Each structure stands twice: as C-alpha cells, then as structure tokens.
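Engineer: Each chain, letter by letter, is given below.
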Amino acid sequence: MNEQVQDKLKVLAESAKYDVSCASGGTSRKNRPGMTGSAEGWGICHSFTEDGRCVSLLKIMLTNNCIYDCAYCINRRSNDIRRATLTVQELTDLTLEFYRRNYIEGLFLSSGIINNPDHTMERMVRVVKELRTVHHYNGYIHMKSIPGASRELVNEAGLYADRLSVNIEIPKEQNLKMLAPEKDHQSIFRPMFYIQQGVLASADERKRFRHAPRFAPAGQSTQMIIGATDESDKEILRLSTALYQRPSMKRVYYSGYIPVNTYDTRLPALKQAPLVRENRLYQADWLMRFYGFQAGEIADDAYPNLDLEIDPKLAWALRHPEAFPVDVNKADHAMILRVPGIGVKSAGLIIASRRYGRVTASSLAKMGVVMKKARYFISCGELPNYTVNEIQPEYIRQTLTEKKKTKKEPDKRQLSILFPE
Amino acid sequence: MLVFRYDKTFEGLLTSLFDAYSRKTFPERLLSENEQLPMFAEQAHLVVTETAKAARVWTALEKKLSEPVCGMLMHVWLSELPGSDELLFRYMRKAFDSPSSIAGNFIDKDVLEVMKIARKVSREREHLMQFVRFQKTADDIFFAPVSPLYNALPLTLPYFTSRFADQKWLIYDLKRRYGYYYDLETASEVSLDKDEHLAGGKLDENIMAQDEKLFQEMWKEYTRSLTIRERLNPKLQRQHMPQRFWKYMPEKN
Ligand code: SF4
Chain L
17 MNEQVQDKLK
27 VLAESAKYDV
37 SCASGGTSRK
47 NRPGMTGSAE
57 GWGICHSFTE
67 DGRCVSLLKI
77 MLTNNCIYDC
87 AYCINRRSND
97 IRRATLTVQE
107 LTDLTLEFYR
117 RNYIEGLFLS
127 SGIINNPDHT
137 MERMVRVVKE
147 LRTVHHYNGY
157 IHMKSIPGAS
167 RELVNEAGLY
177 ADRLSVNIEI
187 PKEQNLKMLA
197 PEKDHQSIFR
207 PMFYIQQGVL
217 ASADERKRFR
227 HAPRFAPAGQ
237 STQMIIGATD
247 ESDKEILRLS
257 TALYQRPSMK
267 RVYYSGYIPV
277 NTYDTRLPAL
287 KQAPLVRENR
297 LYQADWLMRF
307 YGFQAGEIAD
317 DAYPNLDLEI
327 DPKLAWALRH
337 PEAFPVDVNK
347 ADHAMILRVP
357 GIGVKSAGLI
367 IASRRYGRVT
377 ASSLAKMGVV
387 MKKARYFISC
397 GELPNYTVNE
407 IQPEYIRQTL
417 TEKKKTKKEP
427 DKRQLSILFP
437 E
Chain H
54 MLVFRYDKTF
64 EGLLTSLFDA
74 YSRKTFPERL
84 LSENEQLPMF
94 AEQAHLVVTE
104 TAKAARVWTA
114 LEKKLSEPVC
124 GMLMHVWLSE
134 LPGSDELLFR
144 YMRKAFDSPS
154 SIAGNFIDKD
164 VLEVMKIARK
174 VSREREHLMQ
184 FVRFQKTADD
194 IFFAPVSPLY
204 NALPLTLPYF
214 TSRFADQKWL
224 IYDLKRRYGY
234 YYDLETASEV
244 SLDKDEHLAG
254 GKLDENIMAQ
264 DEKLFQEMWK
274 EYTRSLTIRE
284 RLNPKLQRQH
294 MPQRFWKYMP
304 EKN
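If you're matching them up, the sequences are chains L and H in order.
Everything in the first sequence is counted per the numbering used here, starting at 17 for the first residue and increasing by one.
Everything in the second sequence is counted per the numbering used here, starting at 54 for the first residue and increasing by one.
Wrong hints could be hidden among the right ones.
Computed Cβ-Cβ distance ranges for the label pairs, DEER-style [claimed, not checked]:
1. H:Lys61 <-> L:Arg224: 51 to 61 Å
2. H:Glu270 <-> L:Ile90: 22 to 32 Å
3. H:Ser151 <-> L:Phe205: 48 to 58 Å
4. H:Asp193 <-> L:Arg262: 17 to 27 Å
5. L:His152 <-> H:Glu270: 22 to 32 Å
6. H:Tyr231 <-> L:Glu221: 44 to 54 Å
FYI, nobody ran anything at the bench for these hints, they're computed from the structure.
These figures come from a predicted structure and were not determined experimentally.
Beta carbons are placed, not taken as given, at the ideal position from N, Cα and C, and that holds for glycine.
Here chain H stands alone, though its shape is the one from the complex:
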C-alpha cells in the first residue's frame, strides 16, 4: 500500500494531487508528516507543499467544476472531519478522470458524501451568522466570541463585513484560537497571544461600553416577553438553536 504524507494544509492536499498525477501513483491513505505509518504501508511519499503546484491543480479544477461545486470542496475541507482530506482527494481525482462533470452524480457515494458534509458546514456558517452576539467595548470595538463545530468562521466574512461595515469588530474563535478583526476597511486574521481571560466569552465589565449591560438585559427581557407561554416547546428551540451557541448569547444567560 502506498501512503502520502503531507502537512495537512489545503495547499498541501492540492500539491498531493499534483504529485500523484506526475508520479502516476495514487495513495491509498493520506497521513500527516508525523503520524505513524500503518504496518502494511509499503511505500511512503513525502509531499512538499508548493503554492505554484497547488494553484495549478485548483485552476484545473475550476475548469472542470462549477464555482458552487468548488465552494463545496472548500466547505468539506473546513469541516476538519477525520478522513475528509481523503474524501476530497478521491473526489478531485474522479473529477479529473471523468470526461464529463461528476457533480450531479449522487449515486456515487463520494459525491453524495461531499454534498452532505458541505451542507453541514454550510449550516454551521449560517448558525454563526444567526447567533454571533457582539458586545461593545469601551473603545467602540464590537467583540464576539465563537466556538463553532466546524471551522466555518472564514466563510462568514462576506456577510459580516457587508453587514457591519461601519463599526469596528472582532470575531474570535476560542476553540481554534484565531479570529478576524475588521478596522472599518478590511477584515484581517488575528491571533491573540493571551486569550485565556476570554474563555468564558464575556467581556470584563470594566472594559465594556457604558450601555452594554443595559442592552444585553433589554434583549434578554425582550425575547422573554415575546415567548407565548401557552405554546412552550423547548425541544423545538434547541433544534433550531443548538445549545453549543448558548453560552455566548445574552438571552440565554
């Protein structure tokens, strides 16, 4: 059995495809650089990530597949699910080898799987757009902590930059320890050296804007008054609004 080792980046994955085609050998497994080789691995090839190679593969793919389908592949990558890189590898290989587009062939289990995972990630992206809650700081920055199931934050940037174009904001993924800061012009990736104090997701009251507490309370009170008590249905609430988001939402605290 042949395995490829690579750096577990998306560019690395695309470079793996490049290598496979130029060597005309296709791996059965994709492993990270320091993962143990399986016992029955007979050969291992070390992929050296190269931006130029990756770009060539991606351009070729964009010719083969429509834009939404390429977007789906990106979603699957961001799922971070075990085995999703191998799934993508198989999918892209099928796409290259098939004379016509494979995108609509949901009888093929890889095609179906890609769509299903992409849908899940896209749901998480939507969840972020729905349930992100900004807290205003004393220096007029709107801060929102998140910890989504999949790495969906990058997918929400077009939404947040368009919607909150005239305020400074920082959305920070506490689980993956990075976020995006928007300075009224562009959003750029940031990592905080120290983010332990944010772990609970709540700003300290002495760095909160003056009215912040009041608005949080008003919102909480408001959603409570909206509830029709004759129709209580907590199960339905959880189904639409997964509990993992509640810790950062004022109406739930």
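Bound-form chain L, shown alone:
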C-alpha cells in the first residue's frame, strides 16, 4: 500500500459515487472459526458523507475506463477525466484493511467496461473469488453485473457475492437507447434473469442438500435514473411493481439525475438534481412494500406524477375522504396503516395496546402518531372530530403545507403570546 493506491482510490471513488444502491442487507453469514468477518443482519451505515448519504460499503470501481458512451455517466469514454485501474491485490487489501477497522460493512464492486462485458466481468469475479477463497473474507459483497455478461460469469459471481445487481438506468427502452446507444433492455434483463434462476435453483437444492452452495443470498437489486428522460411516475412505479414481482428482486433504487454532462443536448437542462421527486418515489416505493398500496393507487392516469408538495400517502387520503375517518379502536391493521401520520411502528403499538383498553388521543400522541396530520383522518371516541369529511380536503392540504415559521426569526409584528400552550 502506498500513496499511488491512495490516488487511485480517490479517482475511482469519485467515479463510483453517483450509484446510490449502497445498502447491504438481507444476508446472514455467520462468522465461522478462522474466517474474517460476518455479514449478519441488515445493512449498517458506518459513516455519512457531508451530503447526508450512508456509507456502508467500500463502493468502488475496478476501473473507470470505459468503452461505452452513456450520456448520463461521468465515466463515458468521451469525457476527459482522470482514469485509474486497481489491481486485484490492491482491491482485496483495501477491502480487508477497511473492514478490520470497522470502516465498512463490505465491498460494493462495479466497473467501467474494458474490451468487452465478459472480459470486465471476469476481472471482477477474480476479486470476489480471491476475497472469499484466499483471504477467507466473510463480510458482505455486492457486485454489479455488467450488462451483456454471459450466464457462466453471472453464475460464478453468484457463488461469492451476497447481492448482484444490474441497473436498468432508464425505464423506457427507446429512451435508454437514445442515451446509451450500446445498451438495450435485453442486455439488462438477461443477466437479471440469470441471477433469478441462480437464486431459485440454489434455494431448491438447499432444500434437498443442506450444504449446497448458496447463490447471491441477498438477492438482486437495480437502479433507475429519474428525470433524465420523460417517463412519468406512473410508468416508473409500474415498472417497479413488475420488478418486485420477480422472486429475487429485493430493492429498486431511484436516483435523481445529477446534471454531470451538461454539454450533451439529449439531456434536459437541469440546475439541480430532482431531489424532492426522488424522495417522493422512495416514499411511494415504501408504501408499496410495507403499507399494502398498489402502484395504481399512488399514481394513475388522472394523476400520473406524484405531488411534490405532500407525501403520497397524504395525497391518497385527500383523494379518498370516503375511506375516513378510521376508528383506531376497531379498524383492522391495513386501514390503520393508511392513516396519514401513523407509521408501521405506531400502527403496531395501537393494535397491541387496544387489547388492554381504549386508545385515546393522548396515548396516540405518546405512541408517536403525528397528530397534526392524523387528527383529520381518525376517530377515537373522544375528540369532537373535524375530519376530512367535515373539512374540505383542499383546506387540510393548505394547513399542512403552510410554511412553518422558523424558530430563529419570530415574526416581529406579532405580539408574543403570554400564555404557554
């Protein structure tokens, strides 16, 4: 290890940083005697960058050289940036040394394409194979599968990696082809399918032979870039739903397009990444995975794009006043989950507590329910309630989106209130 590696590390981290799918999780690899590490439990963030993002894995590219020219990528061959390539040994050393200091949860390996997809994939597989077989490294590994990689190499990667991923990048194929002429949906969905088959085959074999090798035990994930092309949220969420229906698909990530190659006129001229939209998509995704919502309930033909002002759950509730008020002492779990201001945790607490007595407004607040929102949508047999049925949804929306006065600058024109609330 020396300063030269330090320099490469810097270049390659810069190149890998826009990939958001950093979370590790879903595997349990217990430590076994004589091995380094374990990948138990779920993803732990070991640091946070100044932009507030989680650093869980050593996210790095084997090389940022690339023969492709994808418009949305800083590493495209037509960009004049510093290029670097790490050797297999340098990469394994870095991973192990960082891991031993508790800096990271594991490795997230991706790469630009050198020569051709399989050549690249082969070098990546060598890294993960060496970590597992030579160094007995037992921590988490997420490896990107290169679009267009062959079945054999995907299969080998699955033996060593915990999670594999192939990024869709652009939801609609014609848009993908416009921005990334060397790629098409087939080159992405094929390796995805290989991974799925590998996961299913191994699960099946392990039923019969307990020690049959595991294949990507944390399944696969993918990522879409949001706002570089014209897809609506409805189209994006529909694609996510279809992806989640595949047996091995664990997460779909959304990444607001960061205007990196502003000179390229095929791309929209954005000043800033569409962060609010990205956040709303994650909320919608969350609603589909944990709150029992269907994609069509969140965005449909009448409302093809998510409301940027309010979260998708509140938006749904305001469009459906007929579903409320929900009686927190009687309603079933699914309906309680639909109340704005009630999360998965507080819904659980409500259900657990009401066997012991009536749940009141004050106990709701103590359980962490955001009453400011929830009160328009619930009844608990005490408050004389003004719910979404008595008050216009439009008015509730206004009240809830009003800008909060910042504490630092109280409105000077107003007299301070003499009585505390």
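Given the structure of chain L, go ahead and fit chain H with the ligand onto it with the hints provided.
Structural biologist: What follows is chain H with the ligand alone, placed relative to chain L:
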C-alpha cells in the same frame, strides 16, 4: 413514606424486589446507600444485595415476560438515566402482579416509558456498531476508544466478537473507564490503571502499526471523494451521525 437503600447495581435492584415482596411493603423511592434521606422519609430499609435472591427474581421474571422484553429491561438499566431504577421497579412489580403479560400495554405510562428508553439505548448500541473506529497498534491489537451517551458497550459484544473474530481488539469506554479486550477466544472486561494518555482517543504514532496512518488518510480521502457537492446537507449528516462520535473518527479529523 418508605424508602429502600441499595447499592445501585442491577442485582441490588432485583434483591430490592425480593425484599419488597417478602416484607410485603413497597418503597416509594429507591436511593443509594449514601444518598441523603428525604425529609419526609419515615422509614428506610437497607437492601443487602444477594446473588441468589436476585437470580430468583430474574428467573420469575423470565417466566412472566418474553425474552425480548427482559432484554428491554436490561437496556433501561444500562441507560443510567436518573429514575430508571424506580421505573424498572414499578414495571417489574406490575409484571408480577398482573395475571397476564403487561408487555403490550402501551396505554400504561411505565410500559411506554420502558419501551422508549430501551429504544434510545438500543440506538446507542447501534451507533457504537456503526461508528467504532479501530486503530491498529504495532503489536497487532486493534484499539477503539468510545464514550457513548448510555452504557451500551456490553450490548455490542456479540456483534464485535462475531465480526472481528480473527483479530485482537480492545474497545475502551473512556467515560466509564472500562472496556473489553478480545484475545482471539473470548472478550473480557478490563480496566486500565492509567488511561489519561488515551483521553484524546488517538494512539501515539510510535505505537501505531506502520500502515495505520495511511489507511486512516485513505479512508478520510475516500469519504470526501464520495461526497456529492451538489447535494451538501450537513444537517442530515449530523442527524444520522451524532457529533459526539466524531472525535474518534478519522474521516472527521
Ligand atoms: S457502461 Fe457504465 S461506466 Fe460505461 S459509460 Fe455506461 S454507465 Fe458509464
């Protein structure tokens, strides 16, 4: 008013419960052995901690409450928050007196409070798992100083012993002046007679392993390169990674 005095250990607390039930009198306050009696205390009972009594109370509790709930009580104890012993006393008493489990009754303010404190301690345990940073010494021991808000270090042992099973390490709580040393087989509690020189949390360069500085710098540089400058959000960073941990983290120094 009746007060109990005890030695402020967890076993002592369990013994207090034992005494209360066998004397059939329940204290309104729990004080340490040398704390001043409140003016209106009419009676004080001195609890003598006994392992056997404590064990009987704990076993009885384990029959009444599920394993995760017993774990929560342990978390609350480790919070070291003022009044948490009295809270635990009330909770355990309710658990014993109620015919069915009280664990899910969050309408009861003690039950809710226990859960909330346990959650806070559990967050701190997670924070340790996230933000502990080892520095490698010249004799191949990985050393990490910590000073958590709650006494959560013991709760992290299963994690650290499993994860770092093939390296020697020492994690030391500078605030509470004890730590755990793992010798490749087991982790045992240690107290250093002299720990003043560690106060800053940094190893002296002459006892550092040769590459240690370089790796610290590489990590620092790496996290910096990962930052997307168009999206700076220091508030979010502090929210996820409380500032009290920064002094021992190379990326923040
Ligand atoms: S193939 Fe990957 S690294 Fe290469 S230009 Fe396209 S997105 Fe960038």
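Engineer: Determine whether the Cβ-Cβ distance between His152 (chain L) and Glu270 (chain H) falls within the hinted range of 22 to 32 Å.
Structural biologist: Holds, since His152 (chain L) and Glu270 (chain H) (Cβ atoms, about 27 Å apart) stay within the stated range.
Engineer: Indicate whether the distance between the beta carbons of Glu270 (chain H) and Ile90 (chain L) respects the range 22 to 32 Å.
Structural biologist: holds, 24 Å
Engineer: Does the Cβ pair Asp193 (chain H), Arg262 (chain L) satisfy 17 to 27 Å?
Structural biologist: Since Asp193 (chain H) and Arg262 (chain L) have Cβ atoms about 46 Å apart, the given range 17 to 27 Å is violated.
Engineer: 51 to 61 Å was suggested as the range; check whether the CB atoms of Lys61 (chain H) and Arg224 (chain L) agree with it.
Structural biologist: holds, 56 Å
Engineer: Mind checking the hinted window 48 to 58 Å against the Cβ distance between Ser151 (chain H) and Phe205 (chain L)?
Structural biologist: holds, 57 Å
Engineer: Take a look at whether the Cβ-Cβ distance between Tyr231 (chain H) and Glu221 (chain L) falls inside 44 to 54 Å.
Structural biologist: With Cβ atoms ~48 Å apart, the hint holds.
This entry does not satisfy hint 4, going by the numbered hints stated previously; all others are met.
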